[in-house]
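Kindly generate the complete structure, drawing on both the sequences and the hints.
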Amino acid sequence: MTTSTFVAGNGWLYRFDPRAKILLMLLLCVWFFLPVHLVGLYVAVALIILTTACNTGFSHAWKTFRSILPMLLFMVLFMPFNVRDGQALVQFGSFTVVTKEGLLQAGRLAGRFIGISYVCTLLFATTIMNEVMLALRWYRLPYKAGLVVTLAFTYIPFIADSFSQIAESHRLREAEAEQGRRLLQRLKDLVPTLTSALVVALRSIPNLAMSLEMRGFGLSNRRSQYHNLASYRHPFTHFLLSAIIPVVLWLLCKA
Amino acid sequence: MQHALHISNLEFTYRSWKEEECDSLFSNLSLKLGEGSKTLLLAPFNKGKTTLAKIICGVCPKYFPGNLRGTISLFGRDLSTLEPWDLLTSCSYVSQNPQEQFVATSVEEELAFGLESLGLSRSEMKERIDAALGHWGLESLRTSSQQELSGGERKRVLLAVQEVLQARLWILDEAFDDLDQTWRDQLRKTIQESDNTILVLASRYLQEFSDLFDQVVLLDQKRIHTPAFDALLPRFSRLCGDDLPSPLDGQVLDSCKKHTLSCIDLQAQRKRLSTLQGQMFSLSVPNFHLDSGELVTLVGPNGSGKSSFSRLLCGLDDPISGAVCIDGQPFTSKELSKKVGYLFQNPDLQIFLPTVEEELSWSLKRRKDLKPEEMRSRVSECADLFGLKLGDTPTTMSYPLRKALQAAVYFLLDRPFYVLDELDSSLTYNSALSIIARLRQKGAGLLLITHDRQFARGIAQRGYGIGDGRMASL
Numbered sequence: 004m005t006t007s008t009f010v011a012g013n014g015w016l017y018r019f020d021p022r023a024k025i026l027l028m029l030l031l032c033v034w035f036f037l038p039v040h041l042v043g044l045y046v047a048v049a050l051i052i053l054t055t056a057c058n059t060g061f062s063h064a065w066k067t068f069r070s071i072l073p074m075l076l077f078m079v080l081f082m083p084f085n086v087r088d089g090q091a092l093v094q095f096g097s098f099t100v101v102t103k104e105g106l107l108q109a110g111r112l113a114g115r116f117i118g119i120s121y122v123c124t125l126l127f128a129t130t131i132m133n134e135v136m137l138a139l140r141w142y143r144l145p146y147k148a149g150l151v152v153t154l155a156f157t158y159i160p161f162i163a164d165s166f167s168q169i170a171e172s173h174r175l176r177e178a179e180a181e182q183g184r185r186l187l188q189r190l191k192d193l194v195p196t197l198t199s200a201l202v203v204a205l206r207s208i209p210n211l212a213m214s215l216e217m218r219g220f221g222l223s224n225r226r227s228q229y230h231n232l233a234s235y236r237h238p239f240t241h242f243l244l245s246a247i248i249p250v251v252l253w254l255l256c257k258a
Numbered sequence: 369m370q371h372a373l374h375i376s377n378l379e380f381t382y383r384s385w386k387e388e389e390c391d392s393l394f395s396n397l398s399l400k401l402g403e404g405s406k407t408l409l410l411a412p413f414n415k416g417k418t419t420l421a422k423i424i425c426g427v428c429p430k431y432f433p434g435n436l437r438g439t440i441s442l443f444g445r446d447l448s449t450l451e452p453w454d455l456l457t458s459c460s461y462v463s464q465n466p467q468e469q470f471v472a473t474s475v476e477e478e479l480a481f482g483l484e485s486l487g488l489s490r491s492e493m494k495e496r497i498d499a500a501l502g503h504w505g506l507e508s509l510r511t512s513s514q515q516e517l518s519g520g521e522r523k524r525v526l527l528a529v530q531e532v533l534q535a536r537l538w539i540l541d542e543a544f545d546d547l548d549q550t551w552r553d554q555l556r557k558t559i560q561e562s563d564n565t566i567l568v569l570a571s572r573y574l575q576e577f578s579d580l581f582d583q584v585v586l587l588d589q590k591r592i593h594t595p596a597f598d599a600l601l602p603r604f605s606r607l608c609g610d611d612l613p614s615p616l617d618g619q620v621l622d623s624c625k626k627h628t629l630s631c632i633d634l635q636a637q638r639k640r641l642s643t644l645q646g647q648m649f650s651l652s653v654p655n656f657h658l659d660s661g662e663l664v665t666l667v668g669p670n671g672s673g674k675s676s677f678s679r680l681l682c683g684l685d686d687p688i689s690g691a692v693c694i695d696g697q698p699f700t701s702k703e704l705s706k707k708v709g710y711l712f713q714n715p716d717l718q719i720f721l722p723t724v725e726e727e728l729s730w731s732l733k734r735r736k737d738l739k740p741e742e743m744r745s746r747v748s749e750c751a752d753l754f755g756l757k758l759g760d761t762p763t764t765m766s767y768p769l770r771k772a773l774q775a776a777v778y779f780l781l782d783r784p785f786y787v788l789d790e791l792d793s794s795l796t797y798n799s800a801l802s803i804i805a806r807l808r809q810k811g812a813g814l815l816l817i818t819h820d821r822q823f824a825r826g827i828a829q830r831g832y833g834i835g836d837g838r839m840a841s842l
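Chains as they are written, first to last, in our numbering: chain A, 4 to 258; chain B, 369 to 842.
Hints in this document: simulated from the structure, not taken from any laboratory.
A couple of the hints might just be wrong.
[What the hints assert, rightly or not] Okay, derived cross-link-like pairs now, BS3-like style, lysine-lysine, Cα gap no bigger than 30 Å in a straight line:
(1) A:Lys191 with B:Lys739
(2) A:Lys66 with B:Lys639
(3) A:Lys191 with B:Lys706
(4) A:Lys66 with B:Lys706
(5) B:Lys626 with B:Lys739
(6) A:Lys191 with B:Lys757
(7) A:Lys191 with B:Lys736
(8) A:Lys191 with B:Lys702
(9) B:Lys707 with A:Lys191
(10) B:Lys736 with B:Lys810
(11) A:Lys147 with B:Lys430
(12) B:Lys702 with A:Lys66
(13) A:Lys191 with B:Lys733
Spelled out as C-alpha cells, the structure:
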C-alpha cells in the first residue's frame, strides 16, 4: 500500500544532509512566490531540472515532467482566458479572448508549478523515506505527524501505480473488433479507471491502519530508531548552502 | 496447561456498507491451541479463515465492521481488553494477500518498523534483521521497495517480519501459496523447528503439510470440526469439490482455426530503481511456442521472470530484442494485447465496475458489430457458465467468484491465447480446473504459471521452466 519514491544514485544530492535538504526545499518553494523576472524564474527551473537529471538520471527527470504534464496543460490552456486586463492579443469585436498579461501569468504559473514539482521530487527521489522521517523529527515534528507526512508521500504514488495497472488492464480488455478510439472515448474511459483507482485506494485504508497497529503503532513506549543521520558529514556546510542558494537566486533574479 | 489461544462460542457477522447484517460466518465456534502446538486449519473458500485470523489479531471488527460475540483469550489474556498493538509480541499474522500488509518503503524498513515499536536497541535490531534477511534469502533485496518484488518475494518479506518480531503465536494464512519449492521447504523446516504456537490456515491440502502438524481441524458449517485425520481429508476434498472428476478429462474442444504463438531469442531487461548494486534483471527466451488448444505450464522460482515474460507475451512490455509472433508473423505490442489474454495474479486489478453485468459487457459494448440483444444474451450465458449473478457487486464477492469473473471477462473476449498467472494460487483445484476448462473450450492455447509442480504435472501437456532469467523446455 506504499510505493517508494526513492531512486538510487550517487550524485551530490544523495550526500546532502536530509535536514538541510528539507530546509532547501522549503526555501525554494517560497522563492517561487517572490517577485522575480520571468526569465530568471525559468533559468531557476532549468537549473533545478538539470540538477534532477544529473542526480536521478534523465529518464527520471523526463518521467517527472510527463507525470505533471496533464495538470500543466490544463493550467496553461485555461489561465490566459481568466485574465481580461492589459493589452489584448486576441479579440472578437469588443470581446477580449487573450491578453498579454494573461499569457505572462500563465507562463509564471507554469514555471512555479514545474519548479515546485521538481524541488519536491528531488527531495523524495534522493532521500530514503526513513531519513525524511528522521529529519522531520529533528525539526521537532511529533512522530505521528511525521508518519502521516511520509505515508502521504508514499500513498500518492501508490494510487498512481494502481491507476497505471488498471489502465493496463483496460488495454488488455479491448475487443479485437474494436476500432481505434476517439479522444472523447478515451476521456470517457478515464472515468472507470479513475473510479477503480479510487476504490483500490479507499479499500486499502483499513488494511493500512490494521497493518500499522499490528506492527505496534499505538504503543505508548518510546520508539527506537533503526536508521540515523550520523552518516551525513558536514551538516553545517549543508545548512549554509541551503540558505545561500535561494538568497543568491533571489539576488540574481529579483524583479 | 495454559492455552496459547482459547476461542469459545464465537459468533461473527459482517455488517454491509448499508449497515445491514450479512449471514453469520461463525456460530458457536470453539478452538483451543496448546502452547507450542502446530495446527492446520482447513476450510474451503469464503468460510471465514481470514476473518478468524483478523479477529484473533484484534483488528476485526475494529477495521472490518461486524458483530462479534463469544470470548477469546490469548496466553490467558482476554482479547476484548487488548488493542492490536498490545499483541505485538504475542501474535503475528502473515496475510494471504501480502501487499495489504506493507507499511514501509523498503524491505529493511519493513522489518525494522515493528522492532522500532518495541523500542529495541539498534544493534539488536540489526542482528535480528540480518538473520531474517539471510534466512529468507532477501539480502540482495534489502533496499527494494514492495513494487519491485514478485508475489513470492513479498510473502518471504512478511515471513521475515514475523521472524524478527518473535511473537509467541504465528498465524499463517495460505502462507505456502506464492512460494516456490525451495521456500516452501524452508517454511516447512521453520515450522518444524519452531517452539512457537503455529496456526496455518489453508484451503488446499498441500504435500508439504504431511507430518507437520500436531492437529488438523476443519472449518465447516460455521464451526470447527476435529474428525480423525483419515476421515478429514476425504470430507475436505468433498467440500471443495476436489473429489469430482476433472473437467479437463475427456474434454472435447470446439473446432477452431489453429494458431501458434511463438518467440525466438526474446530478450528483456528490467532495472531496479532502489539500488545501484547488483545486475540489471535480464530475461532470455531462446525458444517458446504455444499452439491452439494446448495447455502448457511455466514453473520457476520466485522473481525468476515469469510475470515479466507474461507481460512481453501480451504486449504490456516491449522486448529489447527478438519478437513475439503469431503464426510466424511478428506482432506489435498493441496487436498482441488483442490476441493474448493475461489474467493477472490479483483479480482486483482487472475488475473495476459496480456490477457483474457492467463488467462483462464493458468490452462488448465497444464493438460496432454486435447488436444490443446479442450482447445481452452473450453476457447472460457467460454469467451462467461461470456461476455469476449479473446484479452482484464484484468488490463484495468472494475471492473465487472474483477470479471467475476475471476469467469470464476474458472468455467473452474470445482470445486465441491466454496466460494464467498463478491461477491456482488461493483457489481449490476444482475451481482452477473449471476456469481452465472453460477458457480452453473454444480451442484457445493456455499458458499456466504455477508453483504447484504436482498440479502442473497432473494437467499439462508440456512445460517450460525458468531460472536465472533463462527459459527452457522441461
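Quick rundown of the hints versus the structure:
For the hint linking Lys191 of chain A to Lys739 of chain B, the alpha-carbon distance of about 21 Å falls within 30 Å, and the restraint holds. Proposed proximity of Lys66 of chain A and Lys639 of chain B is supported: the alpha carbons are some 15 Å apart, at most 30 Å. For the proposed pair Lys191 of chain A and Lys706 of chain B, the alpha carbon gap of about 20 Å is at most 30 Å, so the pair holds. For the suggested pair Lys66 of chain A and Lys706 of chain B, the alpha carbons sit about 27 Å apart, so the restraint of at most 30 Å is met.
Taken as a hint, the Lys626 of chain B and Lys739 of chain B pair is honoured in the structure, with Cα atoms around 28 Å apart against an allowance of 30 Å. Between Lys191 of chain A and Lys757 of chain B, the direct Cα distance comes to roughly 26 Å. Compliance with the 30 Å bound is thereby established for this hinted pair. Our distance criterion of 30 Å between C-alpha atoms is met by Lys191 of chain A and Lys736 of chain B, whose separation comes to about 17 Å. Between Lys191 of chain A and Lys702 of chain B the CA atoms are separated by roughly 20 Å; this keeps the pair inside 30 Å, and the hint holds.
Distance check on the hinted pair: Lys707 of chain B and Lys191 of chain A sit about 24 Å apart at the alpha-carbon level, within 30 Å; holds. Pair hint Lys736 of chain B plus Lys810 of chain B holds up; C-alpha atoms about 23 Å apart against a cutoff of 30 Å. Distance check on the hinted pair: Lys147 of chain A and Lys430 of chain B sit about 20 Å apart at the alpha-carbon level, within 30 Å; holds. At roughly 22 Å between alpha-carbon atoms, Lys702 of chain B and Lys66 of chain A fall within 30 Å of each other, so this suggested pair holds.
For the hint linking Lys191 of chain A to Lys733 of chain B, the alpha-carbon distance of about 13 Å falls within 30 Å, and the restraint holds.
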